[in-house]
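Protein chains: 4
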Amino acid sequence: MKRGFASDNNSGIHPEILAAISAANAGHEVGYGGDPHTEMAISRFKQEFGEQTDVYFVFNGTGANVLSLSTLTHSFHSVICAETAHIQVDECGAPEKFTGSKLLPVATVKGKITPEGIAGYLHGFDFEHHSQPGIVSISQVTELGTVYSVSEIRAITTLAHQYGLFVHMDGARLANAAVALNLPFRAFTVDAGIDVLSFGGTKNGMMLGEAVLFFNPELAKNAKYLRKQSMQLFSKMRFVSAQFLAYFNDELWKRNAAYSNRMARLLEQEVRKIPVIQLTQEVEANGVFAIVPPEIIPQLQEKYFFYMWDERRSEVRWMTSFDTQEEDIYNFTALIKSLV
Amino acid sequence: MKRGFASDNNSGIHPEILAAISAANAGHEVGYGGDPHTEMAISRFKQEFGEQTDVYFVFNGTGANVLSLSTLTHSFHSVICAETAHIQVDECGAPEKFTGSKLLPVATVKGKITPEGIAGYLHGFDFEHHSQPGIVSISQVTELGTVYSVSEIRAITTLAHQYGLFVHMDGARLANAAVALNLPFRAFTVDAGIDVLSFGGTKNGMMLGEAVLFFNPELAKNAKYLRKQSMQLFSKMRFVSAQFLAYFNDELWKRNAAYSNRMARLLEQEVRKIPVIQLTQEVEANGVFAIVPPEIIPQLQEKYFFYMWDERRSEVRWMTSFDTQEEDIYNFTALIKSLV
Amino acid sequence: MKRGFASDNNSGIHPEILAAISAANAGHEVGYGGDPHTEMAISRFKQEFGEQTDVYFVFNGTGANVLSLSTLTHSFHSVICAETAHIQVDECGAPEKFTGSKLLPVATVKGKITPEGIAGYLHGFDFEHHSQPGIVSISQVTELGTVYSVSEIRAITTLAHQYGLFVHMDGARLANAAVALNLPFRAFTVDAGIDVLSFGGTKNGMMLGEAVLFFNPELAKNAKYLRKQSMQLFSKMRFVSAQFLAYFNDELWKRNAAYSNRMARLLEQEVRKIPVIQLTQEVEANGVFAIVPPEIIPQLQEKYFFYMWDERRSEVRWMTSFDTQEEDIYNFTALIKSLV
Amino acid sequence: MKRGFASDNNSGIHPEILAAISAANAGHEVGYGGDPHTEMAISRFKQEFGEQTDVYFVFNGTGANVLSLSTLTHSFHSVICAETAHIQVDECGAPEKFTGSKLLPVATVKGKITPEGIAGYLHGFDFEHHSQPGIVSISQVTELGTVYSVSEIRAITTLAHQYGLFVHMDGARLANAAVALNLPFRAFTVDAGIDVLSFGGTKNGMMLGEAVLFFNPELAKNAKYLRKQSMQLFSKMRFVSAQFLAYFNDELWKRNAAYSNRMARLLEQEVRKIPVIQLTQEVEANGVFAIVPPEIIPQLQEKYFFYMWDERRSEVRWMTSFDTQEEDIYNFTALIKSLV
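Protein chains in written order, with our numbering: chain A, 2 to 341; chain B, 2 to 341; chain C, 2 to 341; chain D, 2 to 341.
The reader is advised that the hints may include incorrect statements.
Chain copies aren't distinguished; within one or between two, either way the pair holds.
Using 25 Å as the maximum straight-line C-alpha spacing, the simulated SDA-like pairs for lysine to any residue come out as follows [to be verified]:
id, residue 1, residue 2
1, K255, L340
2, K47, R313
3, K274, H124
4, K222, G165
5, K304, A27
6, K255, T115
7, K3, E327
8, K222, H162
9, K47, E219
10, K47, S152
11, K274, T85
12, K47, E283
13, K47, F307
14, K47, E129
15, K222, D91
By construction, these hints were calculated from the structure, which means they are not laboratory data.
With the sequences and hints as input, model every part of the structure.
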C-alpha cells in the first residue's frame, strides 16, 4: 500500500486504541454517554484540565468547532479567525450554516493571528448594523505547522476578554503543540485564558473522536442540546470514550505526538540537505511546508501521497504521523534527490 | 454488567464487524472516502440497490436523515412525517435547524402514516404563504416496531410523486424490516418508489455508520457538499466502509436482524403468558411494546435497562438485538412473573 | 374598483394615518429609529403597556412573530402553537428558517389552544434528544375570529410559566380583541402573563408597521441585533412611528376596530337570515366564517373579493375592516339571497 | 430641525412619491402584489430592464440583498464581495444567517473589487471541504462613493461567468450611478452581465421599497417563496408599487439623483477650498469622504448630522440627497472654515 505525507488522518488506528475499542466491546451499556467508560473518560479530562471543565465528545473536528462556536455565540456575533483557519477554509461553511454567524478572516504572521490583527475588528460594539464581535478562534498547532507560545495566547485572550469576547482554540493537533511547547495541556489552554477547546484525537492515533471542553460550565449549559442538534451525539459513545481513556493511558498522546514531531524534524533535516527545496515555515510540530520544483511533483506523488498547499508558488505540505517510519523519510528524500 | 432491552444501540460491536475494523487498520489510506475500502463498499451498495445509486456514508442516523432531507428540499419546503417519527421527536430539531424546513406531523395507524394522512397536507401548492409540500418521510421499521408492506409503501410513493413530492425512508432498522418482509432491500425501497434512504448500520451490530442512498443521481449533486457542511464527513472513512463490507459479507445484516427479530417474538410469546401485561403493538420486527403495572417497573429496571414509552399509560418499549440471549428473555419474564 | 371581504389588509390607509405620514415628512431625521417620532411612539407604547416595556418596530406581521420567537428561544427549543396559527400555516416556514426551532401544532377548540392541548407537549425536559419546550404562541384574535378571554389567557400563561416556558401573543388583530373584550390592551397581555407581543397595525388602518413588545427588558437584550439580522429594521423609521402615534391619537385604533367588529356582527346578522348559509365560528371580532353552497361561490367572487377557508367543506372566510360600508354588506347579502 | 449629511436615508419622502401613495389609497385591492399598481410597476421595470426580467418588491436593502443571494446560492456556496460591502459590514450578518453561506471579503481599489481580487478565491471547485464559489456581489455606487464603469463591470461578470459564478449588484444607489455614468440602467446591469440586481428606492426619495430583479427568470423560480420566508412580502404592496411608478414617472429617479450628485460635487468644490480638509475618495456620485481635523468634528456634529467613516484616521462621510440645499452646503463649509 502506498504511504505518504498527505495528512495525519491518512494513518490508521494506533494499536493501543484499537485494543481499547475491543476491550470495551462487552455486553450492554447505556447509549449516548450514560456508560461507565464515558464517565471515566470525562473524569480523566477533568483531571487534566481542571474539575470545572465540561466535556462533550463528538465525531469529528468540524463538529467540535461548530459545537464550540455555536454554544458561545448568537447568530448576530462574528468569529474572528486566521484567514487560513480550518473553520474558514476547510469546513465547507459549516460554521456559518449552523451558527448563522459571520467569520472574519485575519492575515497571519507565521500562521498565527496577532492582537493587532484582531484589533482591526474590535469596533461596532452595540451598533446593531454590525455583527457583534463575539469570539476569537485560534488553531493550535496552526494550519501552517507553527505553535503559539503561552505568551502569544495570553496576549490574545487578554485582549479578547477585555472587549468581552470569548476565545476558542481549535486543537485538532493539540498533542503536537503540547510536545512542541513541552507543557501540560492546561498550561496553554485553560490557564492561558482559553474559554472553549476543540481537543483532537483523530489526527494523533484515534479511529475517531474529538472532545469539546468548556472551562466555565456556566457557558456550556446549552451544549448538550446543540451537540444533539448538530448531529454529533454518538449512540455507542463508549467506543469513543474508551479511545480517549487509552489515549491518556501511559501518555499515549504524548508518545504519538513526540514521535510524529520528531519525524517532521527528521524530514526537515533531510530536506535541508537538498538545496533546490525551500522550506517556507518553521517546523515546530508535525508539518513541513516547502517549495518544490513543480516538474518533480507528479513523480513524487506517484510514489507518495501528499497535497499541494499553494499551487501558485509550488508549495507543498508534508505531514508526519505516529506511524511514519524513518525509512519513509529516507526513501522519500532519496527520491527527491534522484529527481532534482 | 447489567443487560437489558433499552435499545439496539446498547449492544456493542458484532465480532465480525470489529474484525473488519482491525483488518482495515494497515498502512496509509487517503482520507474522506478516497480509499479502496470505501470504493468497494459503495460498489457493494450499488450491487444491492442498483448501479444508479449514489452512496454517502455518515456517522449517525440523525446525520443520515438530515443529509437526505436537506439534499432534496429547499428551506421553504415542508416534510410530512409520522407524529412519532425519529426526525420529529428524537433529533432535537436537527432537521429544522439544518434544512430550515417545516415538519408536518401526521397521526399514525399502527405507527404507519397513510395516504389519507398525507393527503391532508397536500394543498397550498404555488401559494407563497405556505411551506411547499416537498417530501414525505417514513420510517421502516416504524418507531412502534411495525413494518410497512410493499403495497403500503407504494401507495405512499405513488401519491407523493403524483403531487411532485419526494419520499424519504428512515431505515435505521432496515435490516429488521427486510427480514420481517422476507424481501431483498431493494424490493421495498428503490423498487417501491423511495427516492432517498437512510440505511442504518449502528443498530444492527456496527460500531457506527449509516449510508444515505439516492436512487436518482441527479438529485444527489449537492449531497457531497451538504455532507461536509453538516459535519458528517469522516476523515478515516475506511473504518466505516470496512464495517459495511463486513455487514454485507455472508449476509451478516440478515443473520443479525433475523436473530434479533426472533428474540422479539420469543419475548412476545413469553410475555403473552403473563395476563397482566398487555401488548400494545404488533411485534413485527425487534421491538415489543407493552403496558406493564407501574408498581413493578422500578424493580424491573433495577435489574434490566429499558425505557418508558408512554408514562401516562405505563407503556414500555423493549428492544431486542443481535446479542440478546434467550436466557435474558427467560430470566426477564421470570422476574416479571415473580413481581406481578 | 371591486370591494370585498377578503382580508383586512385589502383596505388602504386610514386618512388620519396618511395625514401623519405626511406631517412627519419634513426635513432630516436620524435613521433607524434615532428620531423624535420614534422616541414619542415608544413612549406612547410604554404608557399603554407599562414603563418596563421594550419596543421594537418592524415591517410586517411575519417579521414581528419571528423577532418575538427568535429573541426568546434557542434553536433547540420548540414553539407550541395552534395548528391554525399564522406562524404554522401562513408564513412559509419563516419561523423555522430563522429560529431553527421546531413548531408543534395543537388542535384547537373554537380556534383556541387550551392548557390540555399544550400539556401534551410538556415533557422531555432536560432530555437532549428532544426539542426543549420553549415558548407557547397564541393568536389574539385567533385565526378563526374568536377571542381568548383573560382567564383563558391566564390559564395558558400560568401553565407555561410553571414549566419555564414563555408565552408569545400574535396580536395582528389585537385592537379587534381589545374592543371585543372591552378591555385595555394591557389587561389581556402583560397583565395576563404574556411575555412578548406582536402588536399589529397594518390590518387596522396603518399602511404598514407592527411592534414587538417585550414585557421584561432582560429578555430583550438581543432583540435589536435580531431585528436587524432578520431584515426588519426600517431606515426611515419615523414613517412607521408617526403612524403609531396617529394610531393611538384619539384612540383611532379603537374607533377602527370597533367599527370593523360592528360590521362583522352586521354581516353575521344579515347572513343568519339566509337559511342555507351556515355560520361555523362565533363572530367575536371582525371575521365571519360560513359554509356556503359551492355552486354560488364563483358568482359571488366575481363581484366581491373573499377567500375559501376550507375547500373540502365549502367554508369561506369574510373579513370586515375599518372601511367596510354597511352598503357593502347589504348588497353582498342581497346578492347571496338572489343566488340561492 | 437639524439638517445634515449623515445619510441619504435621513431625508424624507419626495413630494411626488408621497402624492402617489395618497393617490393609491382608494378602495380595496388584493394584497401581496395582486393589485393593478403592482402589475403596472412590474411592467415598468420590464420596460426598463427587458421583458425577461422577474421583479420582486421588498421592504429594504438588506432584504433585497438577502433575497438576491439566497435565490441564487445554496448554503455551501460562498459570496465574494468587497471588504467594505454593505452585505459584509452593515447587515448584522443577515446574509450568513439566512443563506448559510460564507462571505469572502476582497480588498478594494477605490472601493471597487477587481477581477484580480476575485481570482484569489476562484479555487477549490468540486472540493467538498471548500465552500464553493457561488456568486460575486458588487455595490454600484460603491460604499466609498465611487462608480464602476461598464467595462469594469463586464470584466467582473466575464470572469465570474467563466467560472460558473453569478454576479449580484447591490444597487442601493443605482440611480446615482446611472446619472454618474450618464447611461440607462440596463447598460450597466443586465447588458453588462449582471444576473441579479437589488434596485434601491429608499435612498433616493422613496418612503421605502426596493426591487429585486432577476434577469433570467429560470433563476428566479424559488424567489417568491424565499421573499415570503425572509419576511419581505408586503401585504399592502400597492403602496410600494405606487411609489415605484412615481419614481419612474418623468424620470423622478434621475432628477433626484442628478440633483443629489450635483450637491456632492458642490460640497466637494467648497471643501477643496479649505486646505486642512483632505478628500480621500473621488466624488463620483453623492458621497464625499474627507479627513477632517478631529478637534472640530464634535462642533460640526452639534450643528449637522454626519458619521465618522474611519475613526482611526479621522475620516468622515458626507452624503447628499435630493433635499440637500445649496444653502446647507455653504453654511456647513462656512462653519468648517470658521472652526479651522
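Handout entry: Earlier hints that do not hold, by number
Key = 1, 2, 3, 6, 11, 12 and 13
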